[in-house]
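Visitor: Sequence:
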Amino acid sequence: MPRPALPPPAKVRFVADPVSDGAVLSFALGTAALSELIIGTGEITPQQPNLDANLLPIDHEAQELTPKPTWKTITNVGLFSAIGFALADPVLSGFRDGTQAGIVDAVIYSETLAITWNLTNLTKIAFRRPRPSAYKEAQRLKDAGDEDPRIDTTNSALSFFSGHAAITASVASTATYLAFSRAPGTPRPWITLGAGALVTVLTAYGRVQAGDHFPTDVIAGAMAGAGIGVLVPHLHRSDEVKRRPVWIGFLPTRDSAVVTANALL
Numbered sequence: 005m006p007r008p009a010l011p012p013p014a015k016v017r018f019v020a021d022p023v024s025d026g027a028v029l030s031f032a033l034g035t036a037a038l039s040e041l042i043i044g045t046g047e048i049t050p051q052q053p054n055l056d057a058n059l060l061p062i063d064h065e066a067q068e069l070t071p072k073p074t075w076k077t078i079t080n081v082g083l084f085s086a087i088g089f090a091l092a093d094p095v096l097s098g099f100r101d102g103t104q105a106g107i108v109d110a111v112i113y114s115e116t117l118a119i120t121w122n123l124t125n126l127t128k129i130a131f132r133r134p135r136p137s138a139y140k141e142a143q144r145l146k147d148a149g150d151e152d153p154r155i156d157t158t159n160s161a162l163s164f165f166s167g168h169a170a171i172t173a174s175v176a177s178t179a180t181y182l183a184f185s186r187a188p189g190t191p192r193p194w195i196t197l198g199a200g201a202l203v204t205v206l207t208a209y210g211r212v213q214a215g216d217h218f219p220t221d222v223i224a225g226a227m228a229g230a231g232i233g234v235l236v237p238h239l240h241r242s243d244e245v246k247r248r249p250v251w252i253g254f255l256p257t258r259d260s261a262v263v264t265a266n267a268l269l
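In short: position in the sequence shown from 1, add 4, done, that's this note's numbering.
Quick caveat, the hints were computed from the structure, so don't treat them as lab data.
Hints are supplied without guarantee of correctness; some may be wrong.
Derived DEER-like restraints, expressed as beta-carbon distance ranges [claimed, not checked]:
| id | residue 1 | residue 2 | range |
| --- | --- | --- | --- |
| 1 | T49 | H238 | 34 to 40 Å |
| 2 | D147 | V23 | 57 to 63 Å |
| 3 | E65 | D150 | 25 to 31 Å |
| 4 | T77 | S30 | 32 to 38 Å |
Under the rule of at most 30 Å between Cα atoms (straight-line distance), these lysine-lysine pairs were calculated in the BS3-like manner [claimed, not checked]:
| id | residue 1 | residue 2 |
| --- | --- | --- |
| 5 | K146 | K72 |
| 6 | K72 | K140 |
| 7 | K76 | K146 |
| 8 | K140 | K76 |
All values reported here derive from a predicted model rather than from experimental measurement.
Using N, Cα and C, we set each Cβ at its ideal position, and we do this for glycine too.
Sequences and hints are given; from them, build the entire structure.
Guide: The structure is reproduced here in structure tokens:
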């Protein structure tokens, strides 16, 4: 007796709501932009470097590195490449999947970037962790005979966590999530995953090599960014796969597998 045919796979739908998405963007962008302005005024008193011995072993080793300016340029290229992709991908989605898909993707990327920027700034202000460069400057002043060296710039204490790593990871995660949802079974999702991971790793590694961050700064930034980058598109997803209360295994079962894409406002 032939087995009954499986029902057609559920379609992926990404939805955007003007009220909820508008509120999220208003809060995230507003707080991020204003906190950036406050940081720029220098009114936040920087925390002074502590003893090198208090650093975690992985960070203590990084403290011994000689900063390499070339890596600062590379990390900036990685950051702006990620932002550029976030601007371009919704346009490409509009051509591939229709205008509505492009609009929804633009909302998703906007929220990913805004929330990541906001969380990064708030975390930096809360921790006020001195950068590796601040440790080096404090040591230089001590060697020059200054008994109480003070580092005055706010930026010197904004090490945790890395905004470059967070933003590149968040864009890479959102792009990968959308690619696997919209083009399953094709090389596109895997290429997106590989390229996004490569840019994130190079950017995170470069921030350490440039002397701007400790390893724990970039690890935390990449983890935070990746989490936001997956969560934002997932919360915009409206289909049976998302509503399953429990998944057994790494992927959804076949009856709820994702094979096509559709976007609705």
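Visitor: Next step is simple, just say for each hint if it's right about the structure.
Guide: Okay, the hints, checked on the actual structure:
no.: 1; hint: T49 x H238: 34 to 40 Å; in the structure: 39 Å, holds
no.: 2; hint: D147 x V23: 57 to 63 Å; in the structure: 58 Å, holds
no.: 3; hint: E65 x D150: 25 to 31 Å; in the structure: 26 Å, holds
no.: 4; hint: T77 x S30: 32 to 38 Å; in the structure: 34 Å, holds
no.: 5; hint: K146 x K72; in the structure: 23 Å, holds
no.: 6; hint: K72 x K140; in the structure: 14 Å, holds
no.: 7; hint: K76 x K146; in the structure: 27 Å, holds
no.: 8; hint: K140 x K76; in the structure: 17 Å, holds
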